[in-house]
Every structure is written in C-alpha cells, then in structure tokens.
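Undergrad: These are the residues of each chain, in order.
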Amino acid sequence: MLLTQYGYIAIFLIIAIAFGILPLVIALAIRPKKPNPVKLSTYECGLETVGPSWIQFHVGFYLYALVFVIFDVETVFLYPWAVAYGKLGLFALIEMFIFVILLVVGLVYAWRKRALEWK
Amino acid sequence: MEVINNIFVIIRDVIAVMLGFFLPPTLVEAIIAVLVISVFLGFMTVNVMMQVWAERKTIAYMQDRFGPNRVGPFGLMQSVADAVKLLTKEDIIPTHADKWVFRLGPIIVVSTALMVYGVMPFGDGMVIADLNIGILFAISIASIGTIGFLMSGWSSNNKYALLGAMRAVAQMVSYEIPLVLSIIGVVMLVGSLQMSEIVKAQSGLWFVIWQPLGFVIFFIAGLAEINRTPFDMVEADSEIVAGYFIEYSGMRFAVFYLAEYMSAFASAAIAVTLFFGGWQGPLLPPYIWFLLKVWLIFFVMIWIRATLPRVRVDQLMGFAWKVLIPLALLNIFLTGAILQPWYQGLVQGLAK
Numbered sequence: 520m521l522l523t524q525y526g527y528i529a530i531f532l533i534i535a536i537a538f539g540i541l542p543l544v545i546a547l548a549i550r551p552k553k554p555n556p557v558k559l560s561t562y563e564c565g566l567e568t569v570g571p572s573w574i575q576f577h578v579g580f581y582l583y584a585l586v587f588v589i590f591d592v593e594t595v596f597l598y599p600w601a602v603a604y605g606k607l608g609l610f611a612l613i614e615m616f617i618f619v620i621l622l623v624v625g626l627v628y629a630w631r632k633r634a635l636e637w638k
Numbered sequence: 116m117e118v119i120n121n122i123f124v125i126i127r128d129v130i131a132v133m134l135g136f137f138l139p140p141t142l143v144e145a146i147i148a149v150l151v152i153s154v155f156l157g158f159m160t161v162n163v164m165m166q167v168w169a170e171r172k173t174i175a176y177m178q179d180r181f182g183p184n185r186v187g188p189f190g191l192m193q194s195v196a197d198a199v200k201l202l203t204k205e206d207i208i209p210t211h212a213d214k215w216v217f218r219l220g221p222i223i224v225v226s227t228a229l230m231v232y233g234v235m236p237f238g239d240g241m242v243i244a245d246l247n248i249g250i251l252f253a254i255s256i257a258s259i260g261t262i263g264f265l266m267s268g269w270s271s272n273n274k275y276a277l278l279g280a281m282r283a284v285a286q287m288v289s290y291e292i293p294l295v296l297s298i299i300g301v302v303m304l305v306g307s308l309q310m311s312e313i314v315k316a317q318s319g320l321w322f323v324i325w326q327p328l329g330f331v332i333f334f335i336a337g338l339a340e341i342n343r344t345p346f347d348m349v350e351a352d353s354e355i356v357a358g359y360f361i362e363y364s365g366m367r368f369a370v371f372y373l374a375e376y377m378s379a380f381a382s383a384a385i386a387v388t389l390f391f392g393g394w395q396g397p398l399l400p401p402y403i404w405f406l407l408k409v410w411l412i413f414f415v416m417i418w419i420r421a422t423l424p425r426v427r428v429d430q431l432m433g434f435a436w437k438v439l440i441p442l443a444l445l446n447i448f449l450t451g452a453i454l455q456p457w458y459q460g461l462v463q464g465l466a467k
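In the order they appear, the protein sequences are chains C and L. Position 68 of the first sequence, counting from 1, maps to 587 under my numbering, and the rest follow consecutively. Position 33 of the second sequence, counting from 1, maps to 148 under my numbering, and the rest follow consecutively.
What the hints contain is simulated information worked out from the structure, not anything from laboratory work. Mixed in with the good hints there might be a few duds.
[Said to hold, decoys possible] Straight line, CA to CA, 27 angstroms or less: simulated DSS-like cross-link-like pairs of lysine-lysine: (1) LYS172(L) - LYS200(L); (2) LYS200(L) - LYS214(L); (3) LYS552(C) - LYS200(L); (4) LYS558(C) - LYS214(L); (5) LYS274(L) - LYS553(C); (6) LYS274(L) - LYS552(C); (7) LYS552(C) - LYS214(L); (8) LYS172(L) - LYS204(L); (9) LYS553(C) - LYS200(L); (10) LYS204(L) - LYS214(L); (11) LYS204(L) - LYS552(C); (12) LYS204(L) - LYS558(C); (13) LYS558(C) - LYS200(L); (14) LYS204(L) - LYS274(L); (15) LYS214(L) - LYS274(L); (16) LYS606(C) - LYS315(L).
[What the hints assert, rightly or not] Short derived list, chain L residues pointing at chain C, Cβ under 10 angstroms: (17) THR210; (18) VAL224; (19) ILE243; (20) ALA374; (21) PRO441; (22) GLN455.
Just so you know, even glycine gets a beta-carbon here, dropped at the ideal spot from N, CA and C.
Modelling step: build the complete structure from the supplied sequences, incorporating the hints.
TA: Have a look at this one:
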C-alpha cells in the first residue's frame with residue numbers, strides 16, 4: 520500500500536472530471552455547427568424573453584439556507600459522537616440530548632415564526 | 116467457489132504482480148488504480164444504459180404499453196441509439212448565457228455523481244478506496260453536486276432554469292439533513308464510518324431490522340436528493356419544462372442524464388450498503404448479490420415513479436422540516452437508548 524487511500528481518490532477525481540469532458544470532445548468532432556441568432560436565443564415558449572432573468576429571488580430561499588447551515592453544522596458534530604458512542608456510555612447520551620434539544624428549540628422557533636412555510 | 120467469489124480481486128492482484136517485474140511499485144499502484152477505475156467506468160456506462168432501458172420498459176408495462184421494442188431484442192439497444200443520436204446533435208449555448216459557468220455545470224454534476232462510488236464496496240475488497248471516513252465522504256461529495264445544478268441553472272440566463280435551480284438547491288439542502296441524520300443511527304451501531312466495517316457488521320442481521328425508521332427516512336430523503344418522482348419539483352416538465360438543464364442540448368444534456376441515473380444508482384447502493392448487508396449473501400458471488408440488491412431498490416424507485424404524482428412545493432419543504440427531521444432525531448435517541456447497558460439489562464431481565 521504505497522499510494523495512500525487518498526491517492527486513489529485523487530486519481531479517481533482526475534478521471535471523473537475527464538469522464539465529464541471526454542463525451543463533449545468526441546461530440547465536438549461529430550456534431551454539426553450551424554448557429555443562427557434565433558437558435559441561440561433564450562428559450563421561452565417561442566416568444567422573445569421579457570425582462571432580465573438574473574433578478575432578486577424570493578427571500579424564503581434565504582431563510583431555508585440559514586436554518587440549513589445550523590442543522591448541517593449540528594450533524595457534523597453528531598458524527599464523531601456517533602462513532603465513539605459505544606465507548607462513552609450514558610453521559611454521552613444525556614449530553615447529546617441537551618445539545619440537540621437546544622437546536623430543536625431553534626427549529627420550533629423557526630416553525631412558530633412561519634419561516635418554514637413556503638409562500 | 117473461492118476463486119469465483121474473488122475473481123476481480125485475483126485478476127487485479129495478478130496484473131499487479133506481473134507489472135511489478137518491470138516497473139517501480141508506486142507506478143504499479145497508479146496503473147492498477149487507473150485500470151480499476153476504467154473498468155468501473157465501463158461498467159457504469161453500460162449500467163446507466165440498462166437503467167434507462169429498464170425504467171422505460173417497467174413504466175411502460177405498468178402503464179399498459181410496450182415501451183421501447185424496435186431497436187434490438189426487447190428494445191435493449193434503444194439507449195445506445197439514443198446516445199448515438201445525442202452525440203451527433205448540435206451543441207447550443209445561448210447568446211445571453213454565462214458561457215464558462217454554463218460549460219462547467221454539467222462537468223461538476225457528473226464528476227461528483229461518479230466520485231460517490233469511490234468508497235462503494237462492490238464485493239469483498241472490490242472498492243476503489245476504502246477510506247476510514249467512507250460514508251461521510253460519500254454524502255459530502257454527493258452534496259457538492261448541488262453547486263453544479265445551481266451553476267447550470269444560473270448561467271443559462273433563463274427564467275425556467277433559474278427557477279429549477281433555486282428549487283433544486285432548496286430541496287436538496289432541506290432533504291440533506293434528514294438523510295445525514297438517518298445515517299447516524301447506523302454509525303452508532305457500527306462505531307465506524309468505514310464502508311467495509313459497516314458491511315461486515317451486518318454479517319448477522321441486516322441493519323434494516325435494527326433501523327427500520329432510519330431506512331424509511333433515508334429512502335425518502337434519498338429520493339428527494341436525486342430529484343426523482345414524487346420529488347421531481349426540480350424538473351417538473353409540465354411547469355418549468357425541465358428546470359436547470361432546459362438550455363442544454365446534445366452531449367451536455369446527455370451528461371446530465373448520465374449523472375442523474377448514476378446518482379439514483381449510488382443512492383440505492385448506499386442504501387444497500389448501510390441497511391441491507393452490502394455484498395453479503397449466501398451461495399452467489401458477493402458482487403452478484405450487491406448488484407441484485409441495488410437493482411431491486413432501483414426497481415422500487417421506478418415503481419414509486421409509476422405510482423405517485425408529484426407533490427406540491429410547499430408540501431415538499433414542509434415534509435422535510437416538520438416530519439422527517441424530528442423523526443430522524445427521534446431515531447437517533449431511540450438508537451442511543453437501546454444501545455445503553457441498562458436497557459439491555461432490562462430486556463434480559465424481562466426475558467427471564
């Protein structure tokens with residue numbers, strides 16, 4: 520085992536990216552190229568596009584993102600705890616219970632504030 | 116029997132020994148890695164074609180149709196014909212698109228979908244890299260794909276594409292938490308994140324017996340993560356036409372399609388590894404068992420697609436946050452309580 524396991528992952532990453540590019544390169548040799556302005560226009564049910572597409576979007580997405588970040592960090596903390604759980608005993612369970620309850624309070628707060636409603 | 120069970124590992128080792136006569140060991144390892152990955156990629160490409168065919172055929176029979184039946188026996192060559200057709204199609208990049216982000220999007224999506232298999236054990240020792248953080252690697256790589264979706268949706272400069280991408284991100288972000296939380300139960304039982312350890316821990320009973328709630332949450336959240344019906348809000352052909360990949364054509368579209376089916380297969384494969392004993396099974400070789408189980412899960416996914424209508428977007432988000440996450444947390448505490456010595460003492464006391 521001279522290459523470490525991560526060496527294999529690195530080789531795989533390079534090949535995986537090549538796997539995404541290779542079909543496009545092959546297609547480049549075969550496919551026709553006859554562009555015209557109408558063909559290259561933005562698709563919208565056969566009509567001219569009205570107004571810009573890169574606009575401000577709904578703030579609801581941002582709220583979800585905020586709640587997500589909190590819970591995602593929580594799960595990162597839960598993983599080492601889960602791996603070591605067998606060796607830690609009852610204390611670990613109670614401790615994690617308190618930790619999660621604190622976060623559940625946050626979830627309940629977001630729920631009551633209707634941040635989880637899709638409007 | 117032993118030889119058949121480990122045939123791929125033996126071939127790999129024989130090639131390594133033979134190369135070892137001429138080349139320095141590090142180079143041999145690198146060549147072996149490239150060979151293994153190439154064989155795997157060849158398998159995956161054929162597998163995706165089979166998946167597309169199987170899905171179309173199954174849904175057709177469930178809807179009382181024949182499905183693809185013209186190209187080759189039973190229409191088996193249909194996917195090949197489609198691939199060739201897409202290969203010869205013109206590549207259109209809209210004038211208003213952000214060209215480089217537009218090109219990068221599908222590459223990120225497909226390479227992350229592939230990378231998930233980096234830690235997947237197809238058999239005893241049949242794994243590209245048996246990382247000690249295995250399952251954590253798989254789920255974190257899988258969630259990078261979200262960035263690819265957002266990139267392709269945003270750069271298309273198309274309203275449908277942007278809507279699709281925003282929905283994709285909101286949905287995948289929401290369902291990722293129950294998905295990750297549902298795995299914690301299994302990790303607690305095993306005490307390790309390594310995929311091979313998780314499989315070996317199930318040599319007695321499958322974890323689906325110990326973690327039924329965990330499996331149900333994982334399966335539902337997994338369906339949502341890969342944007343399959345009934346959670347295909349992201350694509351929703353009838354409202355936003357195809358979502359984030361609406362402006363993609365030809366081979367770029369094919370790459371998205373490939374990634375979608377590879378993620379579906381990966382999701383099924385993780386489910387098998389975590390809850391259905393991985394490659395373990397009697398009589399048949401391990402890799403056959405693994406593929407049988409994964410295809411069975413994939414069949415259930417097709418079945419669900421043929422059965423259920425698409426859910427509404429507010430129901431979708433509400434379900435993740437208000438049902439799945441509390442249930443997943445409950446599952447963790449139930450698992451924790453069951454693993455405590457006092458509980459097991461109680462069970463043994465009652466048994467007497």
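Undergrad: Against this structure, judge whether each hint is valid.
TA: Hint check results:
Simply put, LYS172(L) and LYS200(L) have alpha-carbon atoms about 20 angstroms apart, close enough for the 27 angstroms limit, and the pair holds. Only pairs whose Cα atoms come within 27 angstroms are accepted, and LYS200(L) paired with LYS214(L) is accepted, the gap being roughly 24 angstroms. Distance hint between LYS552(C) and LYS200(L) is fulfilled; the C-alpha atoms sit about 15 angstroms from each other, no more than 27 angstroms. Pair hint LYS558(C) plus LYS214(L) holds up; C-alpha atoms about 16 angstroms apart against a cutoff of 27 angstroms.
For the hint linking LYS274(L) to LYS553(C), the alpha-carbon distance of about 25 angstroms falls within 27 angstroms, and the restraint holds. Between LYS274(L) and LYS552(C), the direct Cα distance comes to roughly 26 angstroms. Compliance with the 27 angstroms bound is thereby established for this hinted pair. For the given pair, LYS552(C) sits about 17 angstroms from LYS214(L) by alpha-carbon distance, which is consistent with the 27 angstroms threshold. Annotation: proposed proximity of LYS172(L) to LYS204(L) holds, straight-line Cα distance about 25 angstroms (limit 27 angstroms).
Note on LYS553(C) and LYS200(L): the hinted pairing holds, with a Cα-Cα distance of about 17 angstroms set against a maximum of 27 angstroms. Our distance criterion of 27 angstroms between C-alpha atoms is met by LYS204(L) and LYS214(L), whose separation comes to about 19 angstroms. Our distance criterion of 27 angstroms between C-alpha atoms is met by LYS204(L) and LYS552(C), whose separation comes to about 9 angstroms. Of the pairs offered as hints, the one joining LYS204(L) and LYS558(C) holds, with about 13 angstroms between alpha carbons and a cut-off of 27 angstroms not exceeded.
At most 27 angstroms may separate the alpha-carbon atoms for a hinted pair to count; LYS558(C) and LYS200(L) meet this at roughly 19 angstroms. The straight-line distance between the Cα atoms of LYS204(L) and LYS274(L) is roughly 24 angstroms, inside the 27 angstroms bound, and the hint therefore holds. Among the hinted pairs, LYS214(L) with LYS274(L) is consistent with the structure: their alpha-carbon atoms are about 17 angstroms apart, no more than 27 angstroms. Distance check on the hinted pair: LYS606(C) and LYS315(L) sit about 20 angstroms apart at the alpha-carbon level, within 27 angstroms; holds.
Hint on THR210(L) holds. Least Cβ distance to chain C is approximately 5 angstroms, under the 10 angstroms limit. At about 8 angstroms, the closest approach between the beta carbon of VAL224(L) and any beta carbon in chain C falls short of 10 angstroms, and the interface hint on this residue holds. Taking 10 angstroms as the C-beta cut-off, the interface hint given for ILE243(L) holds, the closest approach to chain C being about 6 angstroms. The beta carbon of ALA374(L) comes within 8 angstroms of a beta carbon in chain C, closer than 10 angstroms, and the hint placing it at the interface holds.
A cut of 10 angstroms between beta carbons decides the hint on PRO441(L): the least distance to chain C is about 8 angstroms, and the hint holds. The closest approach between the C-beta of GLN455(L) and any C-beta of chain C is roughly 6 angstroms, which is under the 10 angstroms cut-off, so the hint is satisfied.
Checked against the numbered hints listed earlier, the structure breaks none of them; every hint is satisfied.
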